[in-house]
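Using the sequences and the hints, build the whole thing.
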Amino acid sequence: MNLDALTSTTGEWLRGTGPESDIVISTRIRLARNLASFPFTHRATPQQRAEIESLLRDRITRLDLPHPLRYVSVAALAPLDRQLLVERQLISRELANGEGPRGVAFDDREAVSIMVNEEDQLRLQVMRSGLALEQAWHEIDHLDDLLEAKVCYAWHEQYGYLTACPTNVGTGLRASVMLHLPAIGLTRQFEKVLRSLQKINLVVRGLYGEGSRASGDFFQVSNQITLGRSETTVLSELQGVVSKILSYERNARAALMAEKRMELQDRVSRALGALQHATMMTSDETMELLSSVRLGINLGLLDDISMDAVNELFVQTQPSHLQKLVGGPLDGEERNAARARYLRTRLRHTA
Amino acid sequence: MQCQFCTQPATVHLTTIRDGQKVVQHLCEACARQHHLVEHSQAELNIKAAVHFMLMHQLGPEAEELARLRCPECGIKYMEFRVDGRLGCPRDYEALRLGLEPVLKRVHRATRHVGKRPPHHLDNRRRFNDLYELHRRLCQAVENEQYELAACLRDMIRARESGG
Numbered sequence: 001m002n003l004d005a006l007t008s009t010t011g012e013w014l015r016g017t018g019p020e021s022d023i024v025i026s027t028r029i030r031l032a033r034n035l036a037s038f039p040f041t042h043r044a045t046p047q048q049r050a051e052i053e054s055l056l057r058d059r060i061t062r063l064d065l066p067h068p069l070r071y072v073s074v075a076a077l078a079p080l081d082r083q084l085l086v087e088r089q090l091i092s093r094e095l096a097n098g099e100g101p102r103g104v105a106f107d108d109r110e111a112v113s114i115m116v117n118e119e120d121q122l123r124l125q126v127m128r129s130g131l132a133l134e135q136a137w138h139e140i141d142h143l144d145d146l147l148e149a150k151v152c153y154a155w156h157e158q159y160g161y162l163t164a165c166p167t168n169v170g171t172g173l174r175a176s177v178m179l180h181l182p183a184i185g186l187t188r189q190f191e192k193v194l195r196s197l198q199k200i201n202l203v204v205r206g207l208y209g210e211g212s213r214a215s216g217d218f219f220q221v222s223n224q225i226t227l228g229r230s231e232t233t234v235l236s237e238l239q240g241v242v243s244k245i246l247s248y249e250r251n252a253r254a255a256l257m258a259e260k261r262m263e264l265q266d267r268v269s270r271a272l273g274a275l276q277h278a279t280m281m282t283s284d285e286t287m288e289l290l291s292s293v294r295l296g297i298n299l300g301l302l303d304d305i306s307m308d309a310v311n312e313l314f315v316q317t318q319p320s321h322l323q324k325l326v327g328g329p330l331d332g333e334e335r336n337a338a339r340a341r342y343l344r345t346r347l348r349h350t351a
Numbered sequence: 001m002q003c004q005f006c007t008q009p010a011t012v013h014l015t016t017i018r019d020g021q022k023v024v025q026h027l028c029e030a031c032a033r034q035h036h037l038v039e040h041s042q043a044e045l046n047i048k049a050a051v052h053f054m055l056m057h058q059l060g061p062e063a064e065e066l067a068r069l070r071c072p073e074c075g076i077k078y079m080e081f082r083v084d085g086r087l088g089c090p091r092d093y094e095a096l097r098l099g100l101e102p103v104l105k106r107v108h109r110a111t112r113h114v115g116k117r118p119p120h121h122l123d124n125r126r127r128f129n130d131l132y133e134l135h136r137r138l139c140q141a142v143e144n145e146q147y148e149l150a151a152c153l154r155d156m157i158r159a160r161e162s163g164g
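Heads up: the protein sequence lines correspond to chains Y and H, in order.
In this text, residue positions in the first sequence follow my numbering: the first is 1, and each later residue adds one.
In this text, residue positions in the second sequence follow my numbering: the first is 1, and each later residue adds one.
None of these hints come from the bench; they were simulated from the model.
There could be a bad hint or two in this list.
Partner residues are not named here, just some residues of chain H that face chain Y (Cβ under 7 angstroms, in silico) [said to hold, decoys possible]: (1) Cys74; (2) Gly88; (3) Leu104; (4) Pro119.
Source: prediction; values computed, not measured.
Glycine included, every Cβ here is placed at the ideal spot set by N, Cα and C.
Structure, rendered in structure tokens:
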């Protein structure tokens, strides 16, 4: 399976076109599901895992969807290709680094992905650009129904959808909203936001999910509780909190523009300058500088560069994308030089 | 500092947080070995055994009963689940219920699902029950190298799947 064609494009969720997309990068909902008559993935024998994979692969590829899914066996991919799928958020790090028969099905928009033999046998995911919890829920709910007509899920009258880890049992639903909060970061109000989140059982993570650092002012807010609260309750709670965070961020942006416009303009211009001219660039520094440029575009301080171009650079400057674009493996220093070169080329024509 | 099980000097110290309180346990090397906390061949801490030891302490009076819980289907023991955090099969939710409910209460503050139900569940149970049984027998046949039986089972599965 050749995934090289993916590197020059991005998923639809990165286009920056959805509601509230000046702050909300994307919305993601995932559902954890398992088959009724097999052990959970980590306890299944290699033979059972192969059976599960072939059964699910067959059912998934036969789903009648407007955007057909193609199935990729992750076990058969080279490590660089697995990492590429992680950077595109089509698979989790756990699936990439796992063992045995496992795979992922996704559509050409990269809006839907279904992981097979992750911690749970099925992890359905829908990604949308901007804040679109309701649409994402409708799409994944429908996908779940189509699949459930073809396989028998592990289900319990009291506990709901059964999962390998009891932290996911019940709805099996995790909804995440990825936010870009540079002004909250600059005005040091993040503590306040975090405190309000902890009160209602939501969790904040970095750009690449569990265990990842929040860099470049990107944060994911998601629900933790999956048992005892319906999907619609969880989604409306999350929607409420995100709306509150949006207003914090907008107020902070307005305050910065009113009180520190020159300073902000300087910060944004310097960030763009560094991206256009530096000869070495680490991944973290790239994230921070692109974050400032993104804020500059949103505040009208930069007008010669488009939002989807910046969004694209966040993904394309990640290690595997970069190595694919350059066409070979790169060690740390070479990678930083290649990243700077790539950024210079991409941003050359920006004033 | 003395070992809490004998009078030897303690060299293994385990710290747990229980109900927000720090609990420290001190053992000498011999007692730590007796509880399998250190392997005989090496002086390194056996992490799984240490977690098990602390869990037994944390679970209090019900520990013995919980330690006996085991799923008849996949064979996972309650203590294995508590060390690893993952269950072995869907049946565990029944088999380990006694020990699982307090975990669910702590994590979700609830023990009953509210929300979506699988719309085809009853139909599926009827349609797929014997199909899964065939899958299970197929796996067993392959493991036992009974290839003729496996081929026969596979044909039966294919026939049924194409009919469903």
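Given hint glycine 88 (chain H) near chain Y, where the shortest CB pair must fall under 7 angstroms:
holds (4 angstroms)
Would you check whether leucine 104 (chain H) satisfies its interface hint, that is, whether its CB is within less than 7 angstroms of any CB in chain Y?
holds (6 angstroms)
Less than 7 angstroms between beta-carbons is the criterion; does proline 119 (chain H) satisfy it with respect to chain Y?
holds (6 angstroms)
Status of the hint placing cysteine 74 (chain H) at chain Y (closest C-beta pair under 7 angstroms):
Because about 5 angstroms separates cysteine 74 (chain H) from the closest Cβ in chain Y, which is inside the 7 angstroms limit, the hint holds.
The structure meets every hint from the earlier list without exception.
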